[in-house]
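Q: Residue-level listing of the chains:
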Amino acid sequence: MRWSGEGSVGFASRENRSLPSDGETDGRRLMAAPSLAVDLAPGNPRELVLANPVIAASGCFGYGLEYAEVMDVQRLGAFVSKGITPKPRSGNPMPRITETPAGMLNAIGLQNPGIRGFVKKYPKLWEAWKVPAIVNISAESVEEYAMMARILDEQPGVAGIEVNISCPNIAAGGYCFGWDAVMSADVTRAVRAATTLPLIVKLSPGAVDIVSVALAVEEAGADAVSLINTLVGMAIDVRTRRPVLANATGGLSGPAVKPIALRMVYQVAVAVRIPVVGMGGIMGLNDALEFFFAGANAIQVGTAIFAQPGMLIRLIDDLEDWLRREGVGSVREIVGVALPAGLPTRQAATEADVEIDFAAAVAAG
Amino acid sequence: MVELDPILDMDFVGAGGVVVRAREFDSRILAVEPVMGDSAVLTLSLPPGMAGSLRAGQFVDVLCRVEGSYDPLLRRPYSIFRADPRTETMQLLVRPYGRGSAWLASRPAGTILDVLGPLGNTFQVNPRSRNLLMVAGGVGAAPLVMLTDHALADGRNVTYLMGAADADALLPASYLPSDVEYAVATDNGSKGHWGFVTDLVPEYLRWADQVFACGPEAMFRSLRAVASAHRLGGKPRIQVSVERTMACGLGACLGCVVETKHGMQTSCVQGPIYDMDEVVW
Ligand SMILES: Cc1cc2nc3c(=O)[nH]c(=O)nc-3n(C[C@H](O)[C@H](O)[C@H](O)COP(=O)(O)OP(=O)(O)OC[C@H]3O[C@@H](n4cnc5c(N)ncnc54)[C@H](O)[C@@H]3O)c2cc1C
Ligand SMILES: Cc1cc2nc3c(=O)[nH]c(=O)nc-3n(C[C@H](O)[C@H](O)[C@H](O)COP(=O)(O)O)c2cc1C
Ligand code: FES
Chain A
0 MRWSGEGSVG FASRENRSLP SDGETDGRRL MAAPSLAVDL APGNPRELVL
50 ANPVIAASGC FGYGLEYAEV MDVQRLGAFV SKGITPKPRS GNPMPRITET
100 PAGMLNAIGL QNPGIRGFVK KYPKLWEAWK VPAIVNISAE SVEEYAMMAR
150 ILDEQPGVAG IEVNISCPNI AAGGYCFGWD AVMSADVTRA VRAATTLPLI
200 VKLSPGAVDI VSVALAVEEA GADAVSLINT LVGMAIDVRT RRPVLANATG
250 GLSGPAVKPI ALRMVYQVAV AVRIPVVGMG GIMGLNDALE FFFAGANAIQ
300 VGTAIFAQPG MLIRLIDDLE DWLRREGVGS VREIVGVALP AGLPTRQAAT
350 EADVEIDFAA AVAAG
Chain B
0 MVELDPILDM DFVGAGGVVV RAREFDSRIL AVEPVMGDSA VLTLSLPPGM
50 AGSLRAGQFV DVLCRVEGSY DPLLRRPYSI FRADPRTETM QLLVRPYGRG
100 SAWLASRPAG TILDVLGPLG NTFQVNPRSR NLLMVAGGVG AAPLVMLTDH
150 ALADGRNVTY LMGAADADAL LPASYLPSDV EYAVATDNGS KGHWGFVTDL
200 VPEYLRWADQ VFACGPEAMF RSLRAVASAH RLGGKPRIQV SVERTMACGL
250 GACLGCVVET KHGMQTSCVQ GPIYDMDEVV W
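In order, the protein sequences belong to chains A and B.
So that you can map any letter, position 175 of the first sequence is 174 in numbering that gives the first Met the number 0, and since no number is skipped, the others follow by simple counting.
So that you can map any letter, position 13 of the second sequence is 12 in numbering that gives the first Met the number 0, and since no number is skipped, the others follow by simple counting.
One or more hints might be untrue.
Stretch by stretch, here's where chain A covers chain B in the computed footprint (C-beta under 8 Å, at least three residues) [claimed, not checked]:
1) 122-134
2) 188-196
Anything over 12 Å on all C-beta distances counts as not near chain B; from chain A, calculated [unchecked claim]:
3) Ala-50
4) Glu-68
5) Lys-81
6) Pro-94
7) Gln-154
8) Gly-173
9) Glu-319
With a straight-line Cα cutoff of 30 Å, these simulated BS3-like cross-link-like pairs (lysine-lysine) come out [to be verified]:
10) B:Lys-234 to A:Lys-120
11) B:Lys-260 to B:Lys-234
12) A:Lys-129 to A:Lys-86
13) A:Lys-86 to A:Lys-119
14) A:Lys-129 to A:Lys-119
15) A:Lys-123 to A:Lys-86
16) A:Lys-123 to B:Lys-234
17) A:Lys-120 to A:Lys-86
18) B:Lys-234 to A:Lys-86
19) B:Lys-260 to A:Lys-119
Because the hints were derived from the structure by calculation, they are not lab data.
By construction, the Cβ of each residue, glycine as well, lies at the ideal position given by its N, Cα and C atoms.
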C-alpha cells in the first residue's frame, strides 16, 4: 500500500486509524478539513485515486456531459459512463422505464454507439477533465470483453474500467456471467490480461452466491468490486393487463433496493481484501453512511440523480460536514465500522501482498 | 442498426437567439386557478431573467413530493403553458391523473417546488409562416397556448382547435388572446363539434402554413390519418409535442427515446417537438 503524496491513500482500516491523515499532525487534524480521498486500485501502478468517494453510477449519468450544465461535474470523485458494447446498439423498444414504489424499473437495452464510436468522441473530451472517467463495458462473450478492454487501455481520458457482468453469456446459452463465479472470473481474467487500467468488476445481485463471485473476481485480478447492479423486476398495467415495459422485465433501482444492496455490500466487504464500491438506492448522506459503515470504500449514486441532480454535490459537502462534526479525520476511518469485531477484515493487506496479487493475476491472465 | 449520436448539444439556441440553460431551482406557487374540470393552472415564480428566455414547446420537470418522501420518486414533466417576463413567472396546466399530478394540482399557493428546467427543444415557426393552426387535445393545450402568445406578438394569425371529453374539460376561451379563432370539439357533443378535434382539421389545411399539435396518442393517430388523406405534397408541415415517460430529463438515461428517421433521439433533449413525418410511429 502506498502512502506517498497528497491524496494517495490506501483502504480504510482499523489498523491505520492512528495514522495522521495526509500530512497533518494528530493535534490539528480535527480542526482541519477531513480527508475524503480514496484509492480504488491500491495494488495497481496506474492507480485510481479519487478526491472524494462519491461516484455517479453507470447508465444514470450519460457520458458526464449531459449533467455539465446543471452541476459541477468536476467536483465528483468520479463518474461511470453508460455501458458500452462491442457493437452499436439502438436499445429496447419503448416503454423502457416505469416508476415503482420508491424505485424504478428500466430496460434501456444498452443503447450506445459501440466501443469504436465511443472512443472517437469521449476520451478526447475527458482528457481535459479533472474528474476521473470510468468506462462501463458489457459484452456477450469473454473475447469481446477483452477486445474492448484492449481498446480502452490506450485511451488517455480513461481512468479505469468497470466491467458489467450482468450480461448474458452467449456461449453458456444466455446464462448471466455475473450469476456464476467461474464465468465471472473468466471475464475478469481476460480483461485483466488485456489492460493494466484499474479494473472494477460490477457484481450482479442475481448471483447465486455473490460472495463467491466477489472472491473469484478478486482472485482473477480485479482491483475493486462494485455492487449492486439492478435487480430484475416487473410491473403490470392493470388496464391493459400487459407488462408496462416493452421488454416485460426490467432492472429495479432506487431506495426500494437499498436494504438488499446494503446486505450484499456487508457480506462482500467481510470477504474480500480489495476495495468495495457500494450502491443501490442511495438518496443522501444517511444512506451513504450506511454503505460506508457496511464496508464500502466509495459509493455510487444512480437513480437519485434523476430526481435531484444537485444531490451529488450536496452529498460530498454533507459528508465532509458530517466527518468534521463527528471529529473524524478521514472517510477511510468509517469504512466497515458496522462489521462485527472478529470477522476477518480485508484491510490488513500490505503493499507487498497487493502487488504480488496483482502480478500473479496478470501472469495468470 | 440505427446510427446513434449520443453527444447532445446542450446549448440550445432558442428562437430569439438566447441560449437557454437548464438548472434546478426553487419555485413558489403564486396562484392556483381551477380550470377544465379538475385541472389547475399554477402560476410559479422563476429565477430572475428566465421567463424571457423560455420558448414555446419547452417543459420543466417538477419534483412532486415533499422533502423526505421518496414517492413518487421521479420528477414529472409539464409543458410551459405561459411565461411572463414582466412578473418573472410562468404557468403550468396540470391535470390530476396519477400520484404526481394529483399532488401537484392540489398544492396550495405558497408551496415551494423543486423545478428542473427549462428542458427540451422548441416549436419552430418558419419566419415566412402567416397562418398557424393549433390542434390541442386535453392538457395538450398547454404548450400551444404559449406558442399562440408568441405567434400573435410576432403578428401571425392563429386558429386554435381544441378537443376534450365534454364542455367542462375545454380550455375556456378567456385563456386565449381575443384575436384567436377558437373552435372546439367534444366527445359527447356538449359543446362545438360532436366528435374528434381532428375532424375539424381538414377545412383549415389550405389556410394553414404550419400546424402544431399536442394531445394523447389517439389524437396523433387520427391526425396522421387526416394528414395523409387531406394534405398535398406533405404541406403544411405538422409539428407535434410527444409524451414519453421520463426519468432524467437531460438526455442521460435514454428512457424517453423516440425513433425518428434520423435514429433514436431523446425526447427530453432532442424533443419533445418533432416534425410528425420524421417520427417512426
Ligand atoms: C414533455 C411532456 C409534457 C407534459 N406536459 C403536461 C402538461 O402540460 N400537463 C399535464 O397535466 N401533463 C403533462 N405531461 C404528463 C405528465 O408529465 C405526467 O405524466 C402526468 O401528469 C401523469 O403523472 P402522474 O404522476 O399523475 O401519474 P402516474 O402516477 O405517473 O401515472 C399513473 C399511471 O398512468 C399512466 N399514465 C401516466 N400519464 C398518462 C397519460 N398521459 N396517459 C395515459 N396513461 C398515463 C402511468 O404509466 C401509470 O401507469 C407531460 C409529459 C411530457 C413528457
Ligand atoms: C436507467 C438506468 C440505466 C442503467 N444502465 C447501466 C449500465 O449501462 N451499466 C451498468 O453496469 N449499470 C447500469 N445501471 C445500474 C446502475 O448503475 C446502478 O447499479 C443501479 O441503478 C443501483 O443504484 P441506484 O439505486 O443508485 O440507481 C443502470 C441503472 C438505471 C436506473
Ligand atoms: S428522460 Fe432521460 S434521456 Fe430523456
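Q: With reference to the structure, classify each hint as holding or not holding.
A: Each hint, compared with the structure:
1. Figure legend: the stretch 122-134 of chain B, annotated as covered by chain A; annotation inconsistent (0 residues with Cβ-Cβ distances under 8 Å, at least 3 required).
2. Given as covered by chain A, the stretch 188-196 of chain B fails the check, having 0 residues with a CB less than 8 Å from a CB of that chain where 3 are the minimum.
3. Distance check for A:Ala-50 against chain B: the nearest CB is about 22 Å away, which clears 12 Å, and the non-interface claim stands.
4. For A:Glu-68, the condition that its CB be more than 12 Å from all CB atoms of chain B is violated, with the nearest at approximately 5 Å.
5. With a closest Cβ-Cβ approach of about 7 Å to chain B, A:Lys-81 is found to fall inside the 12 Å limit, against its non-interface label.
6. Not every CB of chain B lies more than 12 Å from the CB of A:Pro-94, the least distance being 6 Å, so the non-interface label is violated.
7. Annotated as non-interface, A:Gln-154 keeps its C-beta farther than 12 Å from every C-beta of chain B; the closest such distance is 16 Å.
8. Separation of A:Gly-173 from chain B is adequate, the least Cβ-Cβ distance of about 21 Å exceeding the 12 Å criterion.
9. Distance check for A:Glu-319 against chain B: the nearest CB is about 21 Å away, which clears 12 Å, and the non-interface claim stands.
10. About 38 Å separates the Cα atoms of B:Lys-234 and A:Lys-120, which puts this hinted pair outside 30 Å; it is violated.
11. Annotation: proposed proximity of B:Lys-260 to B:Lys-234 holds, straight-line Cα distance about 18 Å (limit 30 Å).
12. Among the hinted pairs, A:Lys-129 with A:Lys-86 is consistent with the structure: their alpha-carbon atoms are about 29 Å apart, no more than 30 Å.
13. For the suggested pair A:Lys-86 and A:Lys-119, the alpha carbons sit about 14 Å apart, so the restraint of at most 30 Å is met.
14. Restraint check: the Cα-Cα separation between A:Lys-129 and A:Lys-119 comes to about 20 Å, which is no more than 30 Å; the hinted pair holds.
15. Between A:Lys-123 and A:Lys-86, the direct Cα distance comes to roughly 20 Å. Compliance with the 30 Å bound is thereby established for this hinted pair.
16. Between A:Lys-123 and B:Lys-234 the CA atoms are separated by roughly 43 Å; this puts the pair beyond 30 Å, and the hint is violated.
17. The straight-line distance between the Cα atoms of A:Lys-120 and A:Lys-86 is roughly 15 Å, inside the 30 Å bound, and the hint therefore holds.
18. At most 30 Å may separate the alpha-carbon atoms for a hinted pair to count; B:Lys-234 and A:Lys-86 exceed this at roughly 39 Å.
19. A threshold of 30 Å between alpha carbons decides the hint, and for B:Lys-260 with A:Lys-119 the separation of about 24 Å falls inside it, so the pair holds.
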